[in-house]
Structures are given as structure tokens and as C-alpha cells.
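Q: The listed protein sequences derive, respectively, from chains A and B. Going by the UniProt record's numbering, the letters in the first sequence line up with residues 1 to 375, in that order. Going by the UniProt record's numbering, the letters in the second sequence line up with residues 1 to 375, in that order.
A couple of the hints might just be wrong.
Note that the list lumps identical chains together, so a pair holds whenever it fits in one copy or between two copies.
Below are the DSS-like pairs computed for lysine-lysine, each with C-alpha atoms no more than 30 Å apart in a straight line [stated by the list, open to error]:
hint, residue 1, residue 2
1, K247, K206
2, K5, K242
3, K45, K189
4, K90, K229
5, K90, K56
6, K293, K206
Calculated directly from the structure, the hints in this document are not laboratory data. Please read all numbers here as calculations on a predicted model, not as lab measurements.
Protein chains: 2
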Amino acid sequence: MDLTKLREQIDAIDGQIVRLYEQRMEISRQVAEYKIETGKKVFDKDREAQKIRSVKSMTHNEFNSHGIEELFEQIMSMSRKLQYQMLTEKGSIGRLPFIGIDRLDMENARVVFPGAEGAYTQAAMQQYFGKDVNNFHVETFRDAMIAIDEGSADYAVLPIENSTAGIVSEIYDMLVEFENYIVGEQIIKIEHCLMAVPGTRLEDIKTIYSHPQSLMQSSRYLQEHAAWKQISMNNNAFAARKVSEDKDSTQAAIASAYAAETYGLEILEKGINRSSTNSTRFIIVTNQKIFLKDAKKVSICFEVPHESGSLYHMLSHFIYNNLNMNKIESRPTPDRNWEYRFFIDFDGNLADSAVKNALRGLRDEARNMKILGNY
Amino acid sequence: MDLTKLREQIDAIDGQIVRLYEQRMEISRQVAEYKIETGKKVFDKDREAQKIRSVKSMTHNEFNSHGIEELFEQIMSMSRKLQYQMLTEKGSIGRLPFIGIDRLDMENARVVFPGAEGAYTQAAMQQYFGKDVNNFHVETFRDAMIAIDEGSADYAVLPIENSTAGIVSEIYDMLVEFENYIVGEQIIKIEHCLMAVPGTRLEDIKTIYSHPQSLMQSSRYLQEHAAWKQISMNNNAFAARKVSEDKDSTQAAIASAYAAETYGLEILEKGINRSSTNSTRFIIVTNQKIFLKDAKKVSICFEVPHESGSLYHMLSHFIYNNLNMNKIESRPTPDRNWEYRFFIDFDGNLADSAVKNALRGLRDEARNMKILGNY
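Could you build the full structure based on these sequences and the hints that come with them?
A: Rendered as C-alpha cells:
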């Protein structure tokens, strides 16, 4: 048989599939109306499992049995999405675990940032909350998380990712450990400077102090000075302060120009980080389950059990709901060898039907699913 | 109308969809036979795009138009997979960019590892290639990559991931930079020890030397000794060697028990890394595009352009081909602000039809897709 004939047959079949699909969605709409009236739940796990078994049993070979399973998982996910959408339209949004707010109360906020005067986190805080915000600083990222947890601050500002060096893995791990939530983000351009006590020459330097991320971001420059000893500090503002206090011209720090000014250091080199477009994304974290009503990005994390369900099943919830993931990170699950915790950022709002549909499915199949925030 | 009646209607529609799906696959089989005879290619991008436009035009609302698009992308992906499978069955596997081999030539191999005597990489090498393997060591990960690239060694052994601390990001970045390929992996249990010159007491210690990953893995223990200065070394065997050579009892190293023995150091604490199940995965890298015929895991990387195609589209190729991803990492793309390069490990062999189908689709939609190895 020739290709044209075969393709005509395929076209005829496809026309029928489209017609049946639209009929099925129309009946799904009626089912949704019935469910809204009677208060029945949208996701009926047993009914869906039974449906999959039933359609698979109609197929005539292994390849088709598998294909039909995939196809009906997609079709049922779409039906469910339609039903969630109708529920939302009829005003029965469903109680969300997060409380929607119109805006953050910036005026009365007390904000904590890790580091010291002159830290990039301080710059991020001032840009997000304004220069005059009521604030204090603590030594470590963990101290900032604890301050939020205890309520001694309303919001914390923390670095989560750098465009060159990648994620700040410690923050990812703490977002799981603490019951704190992301409510905003702020991107700050990073320009690292090499600084020392005034009068220092490059050839005097023996030791460099900075945060490990800043050292990584400046690694190309530092390779040209391989003899310099690199010492890690919790924050590069601390590094600048230490060099300033020690008044030792064998020491230098890598930090911002603002830190050099703050601690009276001389800038020996500007822009020593690798990329001219280097920037860091900071998150604003709080201890309440709130989200801005116009929020556009959802961050979640979950674990994938080794035994049963797979990452493949988890991600199908995003695919079938047409949700665009911006970012996926895997981090090792503590004390479980080679099991991962996944962190996903995707476009959407917790009140969207597609988002609800995806989260509902994930909650059922993944382990320890947590919504980290909608912002 | 009541729920039972509605569900009966849905069941009837579903029966018809299954029947049409099987008919479509049967015609796809005939198309494949025609293509095999005439040597035509399986993936016809224009025909698929035209088909999507055509089925979308048959729908009556936006929701269905979108659903039908998704549904037919899945159906066409399955048809393609069937055709690749038949091509393979008929012996026309298609020339693979990688050459299948039965086993690595371990006896005549010359192997390079980064570090020094007593490094964990050495242990990984010995476990994979045997104790008597012809080998030499270099200072950095990059030096090992260059040795392979130049052909001065046949294989390099490099750490890629630790079960507690996560990925070794430098290695991921270098797998893109160099045209070297993964041909094997070896997992080694990690037990870090604190070591110093014999007679040293814990209270003498002021400075700790080790690799940053080892410092991270031992962070809980090191928090109890917050006054100790932490200095990063390229390898923890170097750290042990330095402490041994300096004979300074204010210094200590974190390294393996074997390193302590090698450099005559006394072990002050055993197992100071966080988890009792801590292990590191090492990869075996070579400069030839080869893969073991019984290989079970494929590693690839690709970039997702900001503008058009999205991560969502890329991942659908895994979902529709039923390929299980074990691991997804995102790393910043150098000099491109907030664009990511994704590293994915999934189960499969380059000769599998599902794998070919997924890679074919990815190559078309992603930017700079690279197969890192099949092992």
C-alpha cells in the first residue's frame, strides 16, 4: 500500500479521535456539575485505577497496552483539570493551605539578614524593602532561619542561587528543615572586588578571605594567583571586616565595593568574578503560610521513593497540566543513600486549576511533598 | 443526569478510543514497513507540525484545542517509537554515533587519577581496574581531563557525586567542555577521619586542611569546633601529605584511614562525616565515543533556550517514551544570565528504540544536546 493511502486512513482515524475526545470532555463537564452540586471530590483514585485496568484489558499486544495506559493517564488528567477549573469558576476554589494576601506589610516589617554591613544580602534587603526598613543582622544563614522561625523577625533575606556558581545548597536543605515559606525574590547584580588595607600591593598578598561561593565565582582570577591561600568565611562582609581589623597587608578580601567603603579598604581589582552578567537571586522568607494573590512562581520539593513510583510519574503531572518548569534541582536525601529530593520551580498560582491538579497528583504519589512558596 | 449514566457514556467513548488507537498503530506499522523498504526517515518534522495544526483546527474551544495538541504529541511520539522499534527488529539499527564494545581492555589500560597516594579516587580506580593497573596521578580534576583528552592516559577516574554533599559541579561543567565520555562508574563508601602528626591532642588543633566536599560532608562535626580555621585543598590526600610534611601539631587533615596510614599520621576521630551511609560515585572517562553493549544508564546534557521551547517540552520526550529519569541537575550556562544546562541520567541503552526516539526529539528541540555516555 502506498504512503498517501496510509496517511489518509490515519487522518480519518485522527478525526474520529478528536470528535470522541471532545465528547468525553463534554461529559466530564457534566460530571463536574454533578460533583459541584453534591460536593463530591474530583480526584477518585480507585475509579482512575480501575479505568486504566479496564482500557488496558481491551488492547491486543504489550506495546499497545502500555501506550493506552499512558494515553488514558493523560486524558484523565485533562478531565480532572477541567473539573478543577469549573469548580474555581463556580466559586468553590477549595480551601487552600496558603492564605492569599494583596501585599506584604513592608512598613511595619522587621527584617533579618545574614552577614554584616556591606553584605550583598543587605543590598538585596534594601532593594526589596526600601532603605529605611527596620532590620538587624545575624552571623549565619541558619541564624536567619531561626530568627524567622521564632518570630523575632518577620522576614529574612537569603541568597538562593548565583547565575555563575549555581545553587546555595545549604539554603535548599534548610527550606525543607524549617517550616518557613518563600514570599518574594530579589535579584542583585554581583561585582566582586579584591580589597586590602590601603597601600597594599598585589605582590604582598598571601591569603584571601571570602565566602566559598564568592571564591568559586572568582575562580578564573584566583587561578592566576595560585599561591594565595584561600580561606572560607561565612560572609564576604565578614572577610572585609577581618582584613580591615587585622591591618595585615598579606591579607585581602573578596567582597562588594560597598563593603570596601564600609570598612575603609582599598580596591585593588574590580569585577574579578567570571561573568559580566553575574547576579544572585535572593529569597524573602517568612514563617506564615501566605502568598501574594498575583504570585506567578511556585516552588515545591518532594522525594521520590526508590521502590515504587518514579521521577517519571512525578513529572508527568507537570507535563499533562501544561505547567512550565523553570528549574529542577536534585539534592541527596539525608541519611538515604542515592535517594533524591527534587526542588522544582514552575510558573503558576496556587489558585490555578492546573496547579491544583498537578499538586493533587504529586501529593498522592511523591513522598514528603512540600510547597515552599508562591511568589 | 446521574453519575452512573454519565460514566457509562464515558466508558463507551473510551472503548472506541482504544479501538481507534490500535487501528492507528497498525497503520503506523505499515508506514514503518514502507519506510524501511524505501529508506525514508522516521521523524518527519513538517508532517508532524501540520498534523498538530490540522487536529487543533477540528476542536471547538481553547481548552480542547490545547488538550488535543498534547494528546497528539503523545500519540505521534508512540507511533515514532513503534517505527524505530521495527527498524531495529529488521536489523536496520541506524548508525549510532557511539561504537558498541563488549568490554573495556583493562589489562592494557593506562589510568590517571587526580590526587595522590591515599586518595579516594585511587581506591575507586583500584576497585574498578584492579590493584595492579598501570596508573599515574595528577594534581587537579582538570589535569586528569586533559590527560585523557591528549591521550596520555586511556581512562580517568573522577568523583561526580557524593550521597551527602551532592554533585561535584566542576566535573559536570568539564563534561561539557571536553569531548570525553563516561564509560563506567564505581561507588566507594566514604569514612572521613580527622588526622594529625602522632601525639597531637584535639585542643592543639587550630587549622583543618581538606577538600571542600570533605569539609561539607563533615560540617556537623566541624560545627562543634567552630574556632578551627578551614582551608581548602584540591584533594584530601594532599591535605594529609601537607600535615605530615609540616609536622605542626596545630594542623590536622580530613582524609581516609588509608591516607593516614600512607603519610604516617595518627587518627584522632573516625567517621566524622555526617552519614553512616555516605558514599561517593566515581565515573570512568575516556576520549573515545564508545559504550558497553550491555550498558544500562545514559547520561546526557542540553540547554533550554529562553525564548522558545521550554523544559516542559524537553521532558515530554522522556515521559512519552516511558524512560525513567534517575537524576536531573541544572547548572547555570556560562555567561548567560539565568539560563540553565540540564544534566539527566536515565535508564536505557543507546540501541533501544525508545532511547533513540527520545534523543531524536531532544536533539531537534534542545540546544547543544550532548550524550555524555552510556555505561
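Q: Now, for every hint given, state plainly whether the structure supports it.
A: Status of the hints after comparison with the structure:
1. K247 to K206: both (14 Å within a copy, 21 Å between copies)
2. K5 to K242: neither (80 Å within a copy, 77 Å between copies)
3. K45 to K189: Neither: 47 Å inside a chain and 41 Å across chains, both beyond 30 Å.
4. K90 to K229: For K90 and K229, the Cα distance exceeds 30 Å both inside one copy (65 Å) and across copies (62 Å).
5. K90 to K56: between (35 Å within a copy, 27 Å between copies)
6. K293 to K206: For K293 and K206, the Cα distance exceeds 30 Å both inside one copy (52 Å) and across copies (52 Å).
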